[in-house]
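Working from the sequences, and respecting the hints, build out all of it.
Number of protein chains: 2
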Amino acid sequence: MKTLSRKDEIISVAAHLFNEKGYKAVSMRDIATAMDIKAASLYNHISGKQEILSEIILKVAEEFTVGMEKVVSENSSAIKKVEKVIELHIDITVNHSEALAALNNDWMHLEDEDLKAFVKMREDYEENFRSIIKQGIDAGEIKQYHPEVILFSILSTLRTLYLWNQKRGKLDVNILKKDMVSVLIKGIV
Amino acid sequence: MKTLSRKDEIISVAAHLFNEKGYKAVSMRDIATAMDIKAASLYNHISGKQEILSEIILKVAEEFTVGMEKVVSENSSAIKKVEKVIELHIDITVNHSEALAALNNDWMHLEDEDLKAFVKMREDYEENFRSIIKQGIDAGEIKQYHPEVILFSILSTLRTLYLWNQKRGKLDVNILKKDMVSVLIKGIV
DNA sequence: GTCTATACCGCGATAGAC
DNA sequence: GTCTATCGCGGTATAGAC
Chain A
27 MKTLSRKDEI
37 ISVAAHLFNE
47 KGYKAVSMRD
57 IATAMDIKAA
67 SLYNHISGKQ
77 EILSEIILKV
87 AEEFTVGMEK
97 VVSENSSAIK
107 KVEKVIELHI
117 DITVNHSEAL
127 AALNNDWMHL
137 EDEDLKAFVK
147 MREDYEENFR
157 SIIKQGIDAG
167 EIKQYHPEVI
177 LFSILSTLRT
187 LYLWNQKRGK
197 LDVNILKKDM
207 VSVLIKGIV
Chain B
27 MKTLSRKDEI
37 ISVAAHLFNE
47 KGYKAVSMRD
57 IATAMDIKAA
67 SLYNHISGKQ
77 EILSEIILKV
87 AEEFTVGMEK
97 VVSENSSAIK
107 KVEKVIELHI
117 DITVNHSEAL
127 AALNNDWMHL
137 EDEDLKAFVK
147 MREDYEENFR
157 SIIKQGIDAG
167 EIKQYHPEVI
177 LFSILSTLRT
187 LYLWNQKRGK
197 LDVNILKKDM
207 VSVLIKGIV
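Line by line, the protein sequences give chains A and B. Anchor point for the first sequence: position 14 equals 40 in this note's numbering, and the numbering is continuous, going up by one each time. Anchor point for the second sequence: position 142 equals 168 in this note's numbering, and the numbering is continuous, going up by one each time.
Worth flagging that the hints you see were computed from the coordinates, not collected in a lab. Note that CB positions come from ideal geometry on N, CA and C, so glycine has one too. Treat the hints loosely; a few may be bogus.
[Stated by the list, open to error] Here are the computed distance ranges between Cβ atoms for each label pair:
#, chain 1, residue 1, chain 2, residue 2, range
1, A, H71, B, S208, 48 to 54 Å
2, B, K169, A, K160, 47 to 53 Å
3, B, S99, A, T29, 42 to 48 Å
4, A, A66, B, S99, 32 to 38 Å
5, A, K204, B, S53, 45 to 51 Å
6, B, K142, A, D56, 21 to 27 Å
7, A, I201, B, E152, 34 to 40 Å
8, A, K160, B, K64, 48 to 54 Å
9, B, K160, A, T59, 40 to 46 Å
10, A, K85, B, K193, 24 to 30 Å
11, B, K160, A, V199, 54 to 60 Å
12, A, L141, B, D164, 45 to 51 Å
Okay, structure coming up:
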């Protein structure tokens, strides 16, 4: 456990506030007040509000990218890969719950380069997931529904997991993984 | 097809912009410009920005409330009720896609009375859905997973359906209903 | 019903003292 | 590294002419 640099502290406090009210509704003064300093002092550690947002979003977006690449490169069945993706989301959600709020809701407020980088990562991620599902359907492991319906229903559940995780105080991670994998893959009937 | 009043037009244009950038990132000037008038002119039709937001959100929230009450009062199996809830979400999504963006992302910017009313409606809605699922488990119609996991995975898919509906140009509603019901209830394997 | 003009405020950001 | 003071901008909203 290393201590947070002042910059990391700003990012952490900002992520918490962005999670509650959204990027645009949180002012530099709000962030400073929460740290018991003045807004002007923030600028000794970060270049501006934009930098805070991109640090929060791109850092966790890269975790998804790396995790997905690892899953894709594995030598296992499609269903096993889907399970791994579900577990990847759960692990990241547990560790970066508040950053995921910004990633889901405020990515469109990124600028230029950062926006382009994020959109590309998200598209690649979805494309990788789509391929896994299609392989599963071709191999007869997954039922022949419209692949987009499957992709969407799983992904939207995983993407909003952070909301649910916050609301109902941390359920045990392993129980969550087990039930979530079952519900998403095997259905409820 | 009745003509839109000027007020309805403002609400419609605002919903479109809120959907793209979020409530806080859209100014009264933005809304006015999109209507080819000046910002000051908006105030002859609405009391302020707040009123626009609550008209958008509360109108569609009431549709969910009414629809859910109808489902709950039906005399049918739990699974049949879950199917009806899924269809309710799909119908509302198709008709009010942009309002759902505000409902999902900007509800916290409602004020006082409106905020209270919205939160109550959402809690009641979730509680009704939870009861249906629990009844299904008790009756042996639904597998014995943690009810919250089932509730969450279905609801989060339905709540983000508006995003997907916008991205992949309107798929036929009936095909969507059929596959979505199957995927969510029967799973993918 | 829309306009111009304007009041008033809070925003992000900077300069310079300590 | 934090402060006070301040700049310039853009926000919501109102007043009053047309």
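Does the Cβ distance between K160 (chain B) and V199 (chain A) fall inside 54 to 60 Å?
-> 24 Å, violated
Given the range 48 to 54 Å, decide if the beta-carbon distance of H71 (chain A) to S208 (chain B) lies inside it.
-> 52 Å, holds
Holds or violated: 48 to 54 Å for the Cβ distance of K160 (chain A) and K64 (chain B)?
-> This hint holds: roughly 52 Å between Cβ atoms.
So the hint says 42 to 48 Å: do the beta-carbon atoms of S99 (chain B) and T29 (chain A) match that?
-> 58 Å, violated
Hint says 45 to 51 Å; check whether the CB-CB distance for K204 (chain A) and S53 (chain B) agrees.
-> 47 Å, holds
With respect to the beta-carbon atoms only, verify the hint that L141 (chain A) and D164 (chain B) lie 45 to 51 Å apart.
-> The hint (45 to 51 Å, Cβ to Cβ) holds, given that L141 (chain A) and D164 (chain B) are roughly 49 Å apart.
Does the hinted range 40 to 46 Å hold for K160 (chain B) and T59 (chain A) at CB?
-> 43 Å, holds
Starting from the range 34 to 40 Å, see whether the pair I201 (chain A) and E152 (chain B) falls in it by beta-carbon distance.
-> 21 Å, violated
Please test the hint of 47 to 53 Å on the beta carbon pair from K169 (chain B) and K160 (chain A).
-> With Cβ atoms ~27 Å apart, the hint is violated.
Could you check the hint for me, namely that K142 (chain B) and D56 (chain A) are 21 to 27 Å apart, CB to CB?
-> 23 Å, holds
Would you say the C-beta atoms of A66 (chain A) and S99 (chain B) sit inside 32 to 38 Å of each other?
-> 59 Å, violated
Look at the Cβ atoms of K85 (chain A) and K193 (chain B) and judge whether their distance stays inside 24 to 30 Å.
-> About 25 Å separates the Cβ atoms of K85 (chain A) and K193 (chain B), which means 24 to 30 Å holds.
Consistency with the previously given hints fails for numbers 2, 3, 4, 7, 11, ordered from lowest to highest.
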